[in-house]
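A.B. asks: Now for the letters of each chain:
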Amino acid sequence: MKNPIFKFLTTDRRAIFLLVGLAVVIPLLAPLGLPVDITKPARDFYESIEALEPTRGPLLLSMDYDPGTVPELNPMSIALLRHCFDKNIRVVVMTLLPGGPGLAEQVTTQISQEFNNTYGEDYVYLGYKVGTAAVMLSMGEDIHGTFPLDYYGTPVGELPMMQEIKTLADIPLIVTISGTAIIESWIAYAGARYHKTIAAGATAVMVPQFYPYLQTDQLVGLLGGLKGAAEYEELVHHPDFATVGMDVQSIVHFLIVLLVIFGNIGYFIQRRSKSKV
Amino acid sequence: MRGCIIFLILFTFSCFLPHSSNPQTPPSPPTDIKVFDTPNDAGRSVTITWKKSLEDTTLIEYEILRFTDPDGEGISAGKVSLGTENFEDKEVEDGVDYFYLIRAIAPIGFSDSEQVGPVRSKGQLYDTSRTNVLIGVMIYSFLLLYFIYSARKGKELFVRKIAGLDAIDEAIGRATEMGKPILFVPGISVIEDVATLASLNILSRVARKTADYKSRIIIPNRDPIVMPVCREVVREAYLSQGRPDAYREDDIYYVTYSQFGYASAVSGIMVREKPATNLFLGMFYAESLILAETGASTGAIQIAGTDAVAQLPFFITACDYTLIGEELYAASAYLSKEPMSLGSLKGQDWAKIVIGAAILIGILLTTLNITFFTNFFTI
Amino acid sequence: MRRRVPLTITFIFGIFMTLQFFVPHRVSQVIYQEILKWFIIIFTFSLIFGSLVLMRLHSIRIRRRTSGWGYSLVTLTSLIGMIVIGFKTGIKEGSLFMNLFNHVQVPLEATMFSILAFFMASAAYRAFRARTVDATLLLGAAIVMMIGRVPLGTFLWSGFPDLTEWILEVPSMAAKRGIMIGVGLGVISTALKIILGIERSYIGGGE
Numbered sequence: 001m002k003n004p005i006f007k008f009l010t011t012d013r014r015a016i017f018l019l020v021g022l023a024v025v026i027p028l029l030a031p032l033g034l035p036v037d038i039t040k041p042a043r044d045f046y047e048s049i050e051a052l053e054p055t056r057g058p059l060l061l062s063m064d065y066d067p068g069t070v071p072e073l074n075p076m077s078i079a080l081l082r083h084c085f086d087k088n089i090r091v092v093v094m095t096l097l098p099g100g101p102g103l104a105e106q107v108t109t110q111i112s113q114e115f116n117n118t119y120g121e122d123y124v125y126l127g128y129k130v131g132t133a134a135v136m137l138s139m140g141e142d143i144h145g146t147f148p149l150d151y152y153g154t155p156v157g158e159l160p161m162m163q164e165i166k167t168l169a170d171i172p173l174i175v176t177i178s179g180t181a182i183i184e185s186w187i188a189y190a191g192a193r194y195h196k197t198i199a200a201g202a203t204a205v206m207v208p209q210f211y212p213y214l215q216t217d218q219l220v221g222l223l224g225g226l227k228g229a230a231e232y233e234e235l236v237h238h239p240d241f242a243t244v245g246m247d248v249q250s251i252v253h254f255l256i257v258l259l260v261i262f263g264n265i266g267y268f269i270q271r272r273s274k275s276k277v
Numbered sequence: 001m002r003g004c005i006i007f008l009i010l011f012t013f014s015c016f017l018p019h020s021s022n023p024q025t026p027p028s029p030p031t032d033i034k035v036f037d038t039p040n041d042a043g044r045s046v047t048i049t050w051k052k053s054l055e056d057t058t059l060i061e062y063e064i065l066r067f068t069d070p071d072g073e074g075i076s077a078g079k080v081s082l083g084t085e086n087f088e089d090k091e092v093e094d095g096v097d098y099f100y101l102i103r104a105i106a107p108i109g110f111s112d113s114e115q116v117g118p119v120r121s122k123g124q125l126y127d128t129s130r131t132n133v134l135i136g137v138m139i140y141s142f143l144l145l146y147f148i149y150s151a152r153k154g155k156e157l158f159v160r161k162i163a164g165l166d167a168i169d170e171a172i173g174r175a176t177e178m179g180k181p182i183l184f185v186p187g188i189s190v191i192e193d194v195a196t197l198a199s200l201n202i203l204s205r206v207a208r209k210t211a212d213y214k215s216r217i218i219i220p221n222r223d224p225i226v227m228p229v230c231r232e233v234v235r236e237a238y239l240s241q242g243r244p245d246a247y248r249e250d251d252i253y254y255v256t257y258s259q260f261g262y263a264s265a266v267s268g269i270m271v272r273e274k275p276a277t278n279l280f281l282g283m284f285y286a287e288s289l290i291l292a293e294t295g296a297s298t299g300a301i302q303i304a305g306t307d308a309v310a311q312l313p314f315f316i317t318a319c320d321y322t323l324i325g326e327e328l329y330a331a332s333a334y335l336s337k338e339p340m341s342l343g344s345l346k347g348q349d350w351a352k353i354v355i356g357a358a359i360l361i362g363i364l365l366t367t368l369n370i371t372f373f374t375n376f377f378t379i
Numbered sequence: 001m002r003r004r005v006p007l008t009i010t011f012i013f014g015i016f017m018t019l020q021f022f023v024p025h026r027v028s029q030v031i032y033q034e035i036l037k038w039f040i041i042i043f044t045f046s047l048i049f050g051s052l053v054l055m056r057l058h059s060i061r062i063r064r065r066t067s068g069w070g071y072s073l074v075t076l077t078s079l080i081g082m083i084v085i086g087f088k089t090g091i092k093e094g095s096l097f098m099n100l101f102n103h104v105q106v107p108l109e110a111t112m113f114s115i116l117a118f119f120m121a122s123a124a125y126r127a128f129r130a131r132t133v134d135a136t137l138l139l140g141a142a143i144v145m146m147i148g149r150v151p152l153g154t155f156l157w158s159g160f161p162d163l164t165e166w167i168l169e170v171p172s173m174a175a176k177r178g179i180m181i182g183v184g185l186g187v188i189s190t191a192l193k194i195i196l197g198i199e200r201s202y203i204g205g206g207e
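Residue numbers (the numbering used here), protein chains in the order written: chain A, 1 to 277; chain E, 1 to 379; chain G, 1 to 207.
Check before you lean on any hint, since a few could be wrong.
[Claimed, not checked] Not the full set, but computed from the structure, chain G residues with beta-carbon under 7 Å of chain A:
#1 I40
#2 A124
#3 R177
In short, the hints are calculated from the structure, not lab data. All C-beta atoms in this analysis are idealised placements derived from N, C-alpha and C, irrespective of residue type, glycine included.
Generate the whole structure from the sequences, applying the supplied hints.
C.D. replies: The following block contains the structure:
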């Protein structure tokens, strides 16, 4: 009695995988160029960077992600570094995941070269330190003690930019970009304990978890997934990888909606035929 | 000659003008200087506040000068941009008297505020800004301890049924009957995460059952500290059931710290070993659906439990039973039926009533534009 | 005695960590800093220990030729290979280590994450059925969210972004807050029971 297409999709999920695969590939080959609208959390994120003054302390960017979430989160880091360097805001970069140091270095070096920035004066890369919460708390007391050496082995105290940055108190804004609950750790330890202002970027699958912190101002801005990155690229007037990905996301979302509707039609047909029997 | 005379007159005249300011547009100095020991800190810090100069917008910056002797030479404690009205000096020693003045620096010349002090820095023994947290902790601890104490005295306590926990025994029994292993994933978080500890508490009960039923339990770990703790929990459980010989240390191992590396390893275990029961208990992130969907495709009974709100929909969709949020924390008490643990559940329920009442009062007062109550909860 | 020692240590450190939150004094902070350093050191050694356990496990599997030993061989070769290459060529940009990282590990892990999209599509197709009123509401909200979060949704109707934000900030937030309050209380309760030694399953039993 079952519709053959419905039966095919129900019995072999690879059929759905194939459709999703096509929905990803086709818009990449034939882009639609849809405009990106800006949501409030992304605008707040942008405004929090705009509010920084180059003469005050630097921004702390914690790239807390590893290779798995690179496609979704790297565009956020890239757009953020471009925004900061464009406004002459100094940046301290670090990571709390062991898979992150190489990625963070690549992105930081690439964008700093775009702006001809000087290491140690315009930006610093502290690298990775084990311990997540312990590292955050330790930085609240003493950054130089937590990271005695930077990623390249230079004593942090010898870097000109770090002379005046001793604890988290000397940093006006912390931005964490992650696909894990490290964002909540930053809120709990740097935010609640050291009263730091925090903005975040998260993978789309994790972002609903962080919405409550926006309402309570424990997060001053939030970028959610590739869409958030595309919004930020739009705000800094530098469309890049995330903006290209928006067409793909649009089509895949619509495909899933169609599948859900199709599944329900099949379900009701099945239910009616059962009730007739 | 005439020029020289005019210059001399002007020079002589200028000597009688105020020393520090530009004679044409001297900036007015900052006023209302206050200096005090920075409250609620570890010491070695002094805070200075002031009201900005009337010509604030035309200034370059403010410089904060520190003196150990009011008549001596001041040294620069720091500079802040215009518009700023406070500064925290962290270069001071505890127990030493300091004096401060604020210098408003204009493009030409500067003006100094009056000197204030003395002030001494010291560390505090109690952080007054956390009083609200202390009160909350005390009320909640009191509720918990009261109900734990009541339970110890033998008071009967009702606990609602949690289907996911009731199914654990059945799921272990099924795996035993089928001669297949049980997969236990203690989440991918660290040991200090209480969700991980709650998971380990459940593991202890599960391991006792597997020891009794002589089933095999596989525990791949993402955190290297969680791994030895898992081993210890399972070893102790087997020991307590009198089955130390059945304990297989090699089935509890570390895989990788990489989130998706771990997800792919666990998926591989599910596909190769075909466990009859998968238990996903603890903290999970984006890998939750990958694990649960792979497990569902192998036909295993799946019981999940997490307090990661964003992952709950995935587990509910792909697993047979899901412990939602606090059910994960209630599991140990529910499974053990120990009166003291059950008492703590009752305490939690009462705390919820207190919080609910506070929320209602907060809504009411805020609607009436009375904010002191809601402000009390600011941390 | 075997139980009393860890329980006593747990009690002392648990109480200290709770009290130090309220004590900003330097003495408290110095001890606290020291504990944090211990934690970082323990974690580093446990990482080495974990890797050794992994090596031992896969060596045994290869030696015994248990089923799937080929996977163990790949794991062991990759693990040792990356360590040797890392020490030999360094980990700077352009090194063999970084090339392997960029061109092997990054695509592998990114692929694993991208599988999520496929699984979500499949799970949504299977699970989203309008069986009851509740399920229909859930289904409706999900469809609005999926359409409203992408540019094509805005292109179709400009009200979608506001509607999705409302769903996230009002009904979804209310439910999440309820769960989060329960979780928070559960966390404190579990922590208190562990500190006071009431909950001792994690050290092997309650009796």
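A.B. asks: Each hint: holds or not?
C.D. replies: Structure-based check of each hint:
Proximity of G:I40 to chain A holds as hinted, the smallest CB-CB distance being about 4 Å (cut-off 7 Å). At about 5 Å, the closest approach between the beta carbon of G:A124 and any beta carbon in chain A falls short of 7 Å, and the interface hint on this residue holds. With its C-beta approaching chain A no nearer than about 6 Å, G:R177 sits inside the 7 Å limit, and its interface hint holds.
The structure shown violates none of the earlier numbered hints.
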